Amino acid sequence: MRKNRIFLSSIVLFMMIALAVAVIRYVKAPLPIEVIKHFPFSKENSLKEWKEKIFKGRVEYNIKKQDHESFVFATSRGTASALFYKITLDIKKRPVISWRWNTKKFPAKDGVEDLKNAKQDDFSARVYVIFPAFFFTNSRAIEYIWAEKIKEGTISPSPYSRNLQLIVVESGGREEEWVSEERDIYEDYIKAFGEEPRYNIGAIAFMTDADSTKSTAEAFYDEIKIGYKKEEK
Amino acid sequence: MKARNIFTVSSRLQRRYLRLIVFSMLTPTLFVGGCLYYLVFSLIAQEMAIPEFVFQVLLPALKRVNIFLITGIPVIFLALYWWGLVLSHRLAGPIERFNKELDQILEGDYKKRIRVRKNDALRPFVDDINRLLDKLEGVRD
Numbered sequence: 001m002r003k004n005r006i007f008l009s010s011i012v013l014f015m016m017i018a019l020a021v022a023v024i025r026y027v028k029a030p031l032p033i034e035v036i037k038h039f040p041f042s043k044e045n046s047l048k049e050w051k052e053k054i055f056k057g058r059v060e061y062n063i064k065k066q067d068h069e070s071f072v073f074a075t076s077r078g079t080a081s082a083l084f085y086k087i088t089l090d091i092k093k094r095p096v097i098s099w100r101w102n103t104k105k106f107p108a109k110d111g112v113e114d115l116k117n118a119k120q121d122d123f124s125a126r127v128y129v130i131f132p133a134f135f136f137t138n139s140r141a142i143e144y145i146w147a148e149k150i151k152e153g154t155i156s157p158s159p160y161s162r163n164l165q166l167i168v169v170e171s172g173g174r175e176e177e178w179v180s181e182e183r184d185i186y187e188d189y190i191k192a193f194g195e196e197p198r199y200n201i202g203a204i205a206f207m208t209d210a211d212s213t214k215s216t217a218e219a220f221y222d223e224i225k226i227g228y229k230k231e232e233k
Numbered sequence: 234m235k236a237r238n239i240f241t242v243s244s245r246l247q248r249r250y251l252r253l254i255v256f257s258m259l260t261p262t263l264f265v266g267g268c269l270y271y272l273v274f275s276l277i278a279q280e281m282a283i284p285e286f287v288f289q290v291l292l293p294a295l296k297r298v299n300i301f302l303i304t305g306i307p308v309i310f311l312a313l314y315w316w317g318l319v320l321s322h323r324l325a326g327p328i329e330r331f332n333k334e335l336d337q338i339l340e341g342d343y344k345k346r347i348r349v350r351k352n353d354a355l356r357p358f359v360d361d362i363n364r365l366l367d368k369l370e371g372v373r374d
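Protein chains in written order, with our numbering: chain V, 1 to 233; chain G, 234 to 374.
Just so you know, these hints were derived from the structure itself, not from any lab.
None of these values were measured; they are calculated from a predicted model.
Hints may be right or wrong, so weigh each one.
As the list claims (entries may be wrong) - Dumping the calculated DSS-like pairs for lysine-lysine here, alpha-carbon to alpha-carbon at most 25 Å:
id, chain 1, residue 1, chain 2, residue 2
1, G, K296, V, K119
2, V, K116, G, K351
3, G, K296, V, K53
4, G, K333, G, K351
5, V, K56, G, K296
6, V, K56, V, K151
Sequences and hints are given; from them, build the entire structure.
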């Protein structure tokens with residue numbers, strides 16, 4: 001009788017552990033993506049398909065190779081320019097974007113870091129998802145940001161317009177550690193703008209800038225993928 | 234001959250011409266202006282591409298242009314209205330005068346002749362009518 005109870009308890013315990021492992025794996029598992037465009041940045045000329053958009057001087061975006069891996073290394077010395085790629089994605093099909101990144105140097109900001117302060121509108125790394133409208137004033141964008149001090153998960157409008165919502169996805173330095181991101185754009189849009197998206201995705205971009213703080217910022221980008229969330233069967 | 238009084242809308246005919254002229258000037262002006270406004274800003278925004286840059290630079294420029302347009306459009310409208318008045322008066326004036334003087338003749342003033350300005354478009358037509366009136370008067374006498 002006692003043996004049976006121990007046996008039954010161990011089975012229940014085993015099942016609970018298995019369930020917990022499955023839940024953890026499910027939660028942590030990357031979203032299954034049907035990749036529409038993949039940027040591995042594996043070749044010297046990988047940046048050719050990206051358009052450079054210069055705002056205040058050029059940021060150096062170069063393909064760097066290290067330990068059989070290649071990636072984009074961005075250095076801004078008081079400059080602001082972005083790399084831009086035009087791609088149309090249907091927002092109703094639940095688009096997903098993923099990338100790997102790391103920061104080496106944050107722009108020097110005086111005082112408390114504030115997302116709404118135009119004088120501090122510099123980030124060592126940011127990834128844009130752009131929703132163009134018929135007239136540009138209605139265009140919207142989500143900016144995924146690697147901030148230095150602001151808490152992860154913070155969402156705030158840009159100092160320039162409420163149509164640009166900044167989402168802090170990483171905070172603080174990680175030394176040599178690369179970080180992978182995977183974002184459900186549809187969900188992020190609703191979180192950021194508080195309503196369903198009206199326009200499809202028209203472009204993506206990434207930028208390292210330090211023009212407002214007139215300092216230096218450095219970051220790495222790799223493995224940018226954009227596609228649709230695969231429907232679960 | 235009296236100087237033209239262009240600032241009054243004296244008849245239904247002139248009002249009709251005025252409406253037509255103002256409408257035909259205002260519609261293409263607003264349409265072309267609107268298209269240019271959209272095209273210029275859209276092209277610049279498209280070229281700048283990164284929303285941060287667009288909202289930082291282009292939006293303040295758009296606001297300045299809008300202020301200029303808000304003050305400029307009433308001035309343009311007034312200028313077009315004034316020009317419409319001048320043109321409608323030039324078109325409707327001679328016809329009005331012709332009608333008035335013809336009515337006087339029909340009421341029995343057979344000595345009266347219709348007068349028009351030297352450069353009026355109706356002049357050859359009015360001259361023919363006056364010649365006809367001369368002939369009719371000769372026959373009657």
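Results of checking the hints against the structure:
1. G:K296 - V:K119: With a Cα-Cα distance of about 21 Å, the restraint between K296 (chain G) and K119 (chain V) holds, given a limit of 25 Å.
2. V:K116 - G:K351: violated (72 Å)
3. G:K296 - V:K53: holds (23 Å)
4. G:K333 - G:K351: Between K333 (chain G) and K351 (chain G) the Cα gap is close to 18 Å, so the pair holds against 25 Å.
5. V:K56 - G:K296: holds (22 Å)
6. V:K56 - V:K151: violated (28 Å)
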